[in-house]
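Asks: What follows is the residue order along each chain.
There are 2 protein chains.
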Amino acid sequence: MIDRRRFIGASVLAGSSALAAPPDPPAKILAPPKDVTRILASYIVGGQLADIPAPVRKEASRTLLNWVGCVLGGSQNEAVGIAISALSPFFGPAQASLLGRKERTDVLNAALINGISSHVLDFDDTHLRTVLHPAGPVLSAILALAEYQPVSGGDFLNAMVLGVETECRIGNAVYPAHYDVGWHITGTAGVFGAAAACGKLLGLSEQQMVWALSLAAAQPVGLREMFGTMTKSFHPGRAAHNGLTAAFLAAKNFTSSDHAIEAKSGWANVLSTQRDYAEITEKLGRTYEISLNSYKPFPCGIVMHPTIDGCIQLRRQYQLTPDQIDRVELRVHPLVLELTGKKTPQTGLEGKFSVYHAAAIAIVEDAAGEQQFSDMAVRNPVVTALRDRVSTVVDPAIKEDQVRIAITLKDGRRLEKFIEHAVGSVDAPMSDQDLEAKFAAQAEGVLPATQARRAMDLCWNLETLPDAAALAEAASA
Amino acid sequence: MIDRRRFIGASVLAGSSALAAPPDPPAKILAPPKDVTRILASYIVGGQLADIPAPVRKEASRTLLNWVGCVLGGSQNEAVGIAISALSPFFGPAQASLLGRKERTDVLNAALINGISSHVLDFDDTHLRTVLHPAGPVLSAILALAEYQPVSGGDFLNAMVLGVETECRIGNAVYPAHYDVGWHITGTAGVFGAAAACGKLLGLSEQQMVWALSLAAAQPVGLREMFGTMTKSFHPGRAAHNGLTAAFLAAKNFTSSDHAIEAKSGWANVLSTQRDYAEITEKLGRTYEISLNSYKPFPCGIVMHPTIDGCIQLRRQYQLTPDQIDRVELRVHPLVLELTGKKTPQTGLEGKFSVYHAAAIAIVEDAAGEQQFSDMAVRNPVVTALRDRVSTVVDPAIKEDQVRIAITLKDGRRLEKFIEHAVGSVDAPMSDQDLEAKFAAQAEGVLPATQARRAMDLCWNLETLPDAAALAEAASA
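Taken in sequence, the protein lines are chains A and B. Position 422 (the first sequence) corresponds to 422 in my numbering; numbering is contiguous. Position 362 (the second sequence) corresponds to 362 in my numbering; numbering is contiguous.
Hints were generated in silico from the structure; no laboratory data involved. Quick caveat: nothing in here was measured; it's all calculated off a predicted structure. Incorrect hints may have been included.
Here are the simulated DMTMM-like cross-link-like pairs (lysine to aspartate or glutamate), alpha carbons at most 25 Å apart as the crow flies [claimed, not checked]:
1) A:Lys-410 <-> A:Glu-365
2) A:Lys-102 <-> A:Asp-366
3) A:Lys-342 <-> B:Asp-155
4) A:Lys-252 <-> B:Glu-78
5) A:Lys-252 <-> B:Asp-51
6) B:Lys-264 <-> A:Glu-338
7) A:Lys-417 <-> A:Glu-436
8) A:Lys-34 <-> B:Glu-350
9) B:Lys-342 <-> A:Asp-258
10) A:Lys-252 <-> B:Asp-35
11) A:Lys-102 <-> A:Glu-436
12) A:Lys-343 <-> A:Asp-366
13) A:Lys-342 <-> A:Glu-365
14) B:Lys-264 <-> A:Glu-350
15) A:Lys-264 <-> A:Glu-350
16) A:Lys-264 <-> B:Asp-35
Computed far set for chain B versus chain A, every beta-carbon distance over 12 Å [stated by the list, open to error]:
17) Leu-49
18) Met-226
19) Thr-229
20) Val-270
21) Ala-278
22) Thr-287
23) Thr-347
Where chain A lies over chain B, by a calculated footprint (3+ residues, C-beta under 8 Å) [as the list claims (entries may be wrong)]:
24) 76 to 88
25) 252 to 266
26) 317 to 330
27) 351 to 364
Glycine is no exception: its CB is placed at the ideal position from the N, C-alpha and C atoms.
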């Protein structure tokens, strides 16, 4: 079993702990497995915005801004259009916005569609310890909910942090075993985050929150088998829809199990071969998983980012052109081939799951944006010719945010590059300015520049807004 | 591992095979695991009503009648009222009926609510080989769909048989390992049945059907941990909702995996520790799982039925009263305690998962209908006093439709009863008249008797109806 947790790096863990923990750690909480769900529910119900340290709240606003940008960037995607076309005959009242679009629909379907938009470009945030994309399930659900009932910016931020905490802690408890089995953790653990955040905004009692988590446990979404198809982006959307449904039902006392996470036939036992409940129950309120969130500079699977980063650096350093190159050799972390090992992608979407295409296009075009993952880019003969000369070697000594690249030129020269921390990883994070530039690029052609600017400002200032729904309005076409 | 498949009994298997198979068996179909999903999709897309033998179609109409009755019986349940109250603010246009009620809603939510109604009393049909309740996911989805687009009775029946075939074959492929892990197979395999049947009515191509099955695979519903709570009945409802959603998306070419069932990260590998793909791909069109469907005489977990049957027989034979009885000893199949082992149920719903309550109430009240699983019945001191004198011994030699009951009287006499096949099992099936009586009892107080009679007639004559939606109208209040 590979220890993917080391990806975070000791320095980051120390850093985030410094952000969040008070100076005197309290006594260790003993968590008998039988109370896992209730302990978590109790924390969610009791959690206050004032308890959340300022740097954590700041990271939440970065997560929010990155997510809104990704929804806008994905909002015009074919998958989103198809989902709306297929399901709109069944939409309820126009209660909530589809960001980046003119349509409005009921809260549940808005959560579904915005969740699809947010993930369809594979450009959204990543909790690197679990490869979970935390914002999609949580924010898709609570932003739609905030358009249906009044929610202050502070309450929104609090619910968001608690929702992300819930899904990531549950993810931590079962990662990597759960992911290795084949589950898409963003949909399977994400549904808990949506239920928790929505339940918080609905003012659930502890018992109702226990039931909401249980109703979430009954509705996991997504297998890794669907990667490379439109269904991957359906997963966070449906997780948002399911979690919101769970919270609505629990709010009316639709009963469910009291031990849905930890019971013998509960979520953690059924959906994972290993589990560590202390990841869920210990240090609640002392550490914040959202502090570990990261944002992608490239719209594709995060395990390819070191390769793209390194190939672009080599191209620029040596002013490389494809015809100079004899072959490209990549030494990569095992997960790279498992997730992005498509040798001959046929579509732009498949290209996002091909480290071979990523390396080739980065060298050919000096970029790896949405255009570089179009159908045309994937079929470009210059790119495919170079792609066929890219080879990979799995090396367990290489970490997930690393790569060792060797380019052999036709003149016999050998160029090497070791990427220690890919751009966008927690150790080399995107700055606020980087995030704004990413947002602006995604909003281009979707919203007028002044409106995009206003949406960004609302993200940064969410905590002071009297009504969080203003953000949804600003991000709608 | 217990071989639960023997529950069906050799005679029944022979019988159903005789019903369905042509005289000359064709050569065995070789099914490489890589084509499982496509082979199944191809069969569903090509399946014609004319291919289905008359006795199979008859069994389908029995399944339909039993299911409509169960929806009516469950339609006034508290769980259904809560679900409607919680979700109706988000309902879409009034396209489809909530059976037994006056409300109408969009097709997807009608499927959800009717699915909850159909299972909330634990009185619906059972495919004994997998303990799957086939009608709920399939019929909830296609009856709602038939109100949205014109569907002839013949097409409805065909889609129903194919949907049940799909979910039960997938269930067969992973049972009992999948169920033993903790999944509620009615929601996890049922979602495929709903997708297949709806996809059939939507006229999906083979590729679209492959995607519909894959979108279903991404949305399994339900853990056994939720048994004894309202969420158990949510499972078939949500499976109907999810399968219908899958079919609608696939119909618009929302892409998904081509190998969702059999791939390394596919449904059968991720959700089960064992699998036999031949159960899915062999003898398609030659055998029909719906021929093995069974209908409950008592509204509770089927594994308690032999006990109820035997206790009622002993009570009648010896005119027993509770005060005569010193103790009741049950020798039961292992699954009985696993599923219905609650010693001290506190609510009527919990009583449905207590073989101790079932034995006691059957002796005290000479019946085991919905009234015998009310909160009042479970708390009746006469019942609880006798319940505390019921003990169980697990005996692997006892089959699932059997029980060995020994009642010791205070005067020292010992009365024994061995139930070889419980009433309602495939070996002792309910007659058409039994099913009508069950339907009428469930419809009482929900529909006028003449309307209930009309709904039953439509079930029996579905195949000849020009428009299957007439049944939904007849079964609405």
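Asks: None of the hints should be skipped; say for each whether it holds.
Replies: Results of checking the hints against the structure:
Only pairs whose Cα atoms come within 25 Å are accepted, and Lys-410 (chain A) paired with Glu-365 (chain A) is accepted, the gap being roughly 20 Å. Restraint check for Lys-102 (chain A) and Asp-366 (chain A): not satisfied, since their Cα atoms lie roughly 35 Å apart, outside the 25 Å limit. The hinted pair formed by Lys-342 (chain A) and Asp-155 (chain B) fails the criterion: a straight-line CA distance of about 41 Å is larger than 25 Å. Note on Lys-252 (chain A) and Glu-78 (chain B): the hinted pairing holds, with a Cα-Cα distance of about 11 Å set against a maximum of 25 Å.
For the hint pairing Lys-252 (chain A) with Asp-51 (chain B), the CA-to-CA distance comes to about 47 Å; that exceeds 25 Å, so the pair is violated. For the hint pairing Lys-264 (chain B) with Glu-338 (chain A), the CA-to-CA distance comes to about 11 Å; that is within 25 Å, so the pair holds. With a C-alpha separation of about 29 Å, the suggested pair Lys-417 (chain A) and Glu-436 (chain A) falls outside the 25 Å cut-off, and the hint is violated. For a cut-off of 25 Å, the pair hint linking Lys-34 (chain A) to Glu-350 (chain B) stands: about 20 Å separates their Cα positions.
Proposed proximity of Lys-342 (chain B) and Asp-258 (chain A) is supported: the alpha carbons are some 15 Å apart, at most 25 Å. Note on Lys-252 (chain A) and Asp-35 (chain B): the hinted pairing is violated, with a Cα-Cα distance of about 45 Å set against a maximum of 25 Å. Simply put, Lys-102 (chain A) and Glu-436 (chain A) have alpha-carbon atoms about 23 Å apart, close enough for the 25 Å limit, and the pair holds. Our distance criterion of 25 Å between C-alpha atoms is met by Lys-343 (chain A) and Asp-366 (chain A), whose separation comes to about 21 Å.
Only pairs whose Cα atoms come within 25 Å are accepted, and Lys-342 (chain A) paired with Glu-365 (chain A) is accepted, the gap being roughly 20 Å. Restraint check for Lys-264 (chain B) and Glu-350 (chain A): the C-alpha separation of about 18 Å stays at or below 25 Å, so the hint holds. Between Lys-264 (chain A) and Glu-350 (chain A) the CA atoms are separated by roughly 39 Å; this puts the pair beyond 25 Å, and the hint is violated. Restraint check: the Cα-Cα separation between Lys-264 (chain A) and Asp-35 (chain B) comes to about 34 Å, which exceeds 25 Å; the hinted pair is violated.
Against the 12 Å criterion, Leu-49 (chain B) stays outside the reach of chain A, whose nearest CB is about 27 Å from its own CB. Interface exclusion of Met-226 (chain B) from chain A breaks down, the closest Cβ pair being 5 Å apart, not more than 12 Å. With a least CB separation of 4 Å from chain A, Thr-229 (chain B) falls inside the 12 Å interface cut-off, contrary to its annotation. At the 12 Å boundary, the C-beta of Val-270 (chain B) falls inside the reach of chain A, the nearest C-beta of that chain being 4 Å off.
With a least CB separation of 21 Å from chain A, Ala-278 (chain B) remains clear of the 12 Å interface cut-off, as annotated. At the 12 Å boundary, the C-beta of Thr-287 (chain B) stays outside the reach of chain A, the nearest C-beta of that chain being 28 Å off. With a cut of 12 Å on Cβ distances, Thr-347 (chain B) falls inside the contact zone with chain A, its closest approach being about 9 Å. Requiring three or more residues with a Cβ within less than 8 Å of a Cβ of chain A, the coverage given for the stretch 76 to 88 of chain B holds, as 6 such residues are present.
Chain A is given as covering the stretch 252 to 266 of chain B, and this holds because 12 residues of the stretch bring a CB closer than 8 Å to a CB of that chain, at least three being needed. Judged by the Cβ-Cβ criterion of 8 Å, the stretch 317 to 330 of chain B is not covered by chain A as claimed, because only 0 of its residues qualify and three are needed. Note: the stretch 351 to 364 of chain B has 0 residues with beta-carbon separation from chain A under 8 Å; the three-residue rule is not met and the coverage is violated.
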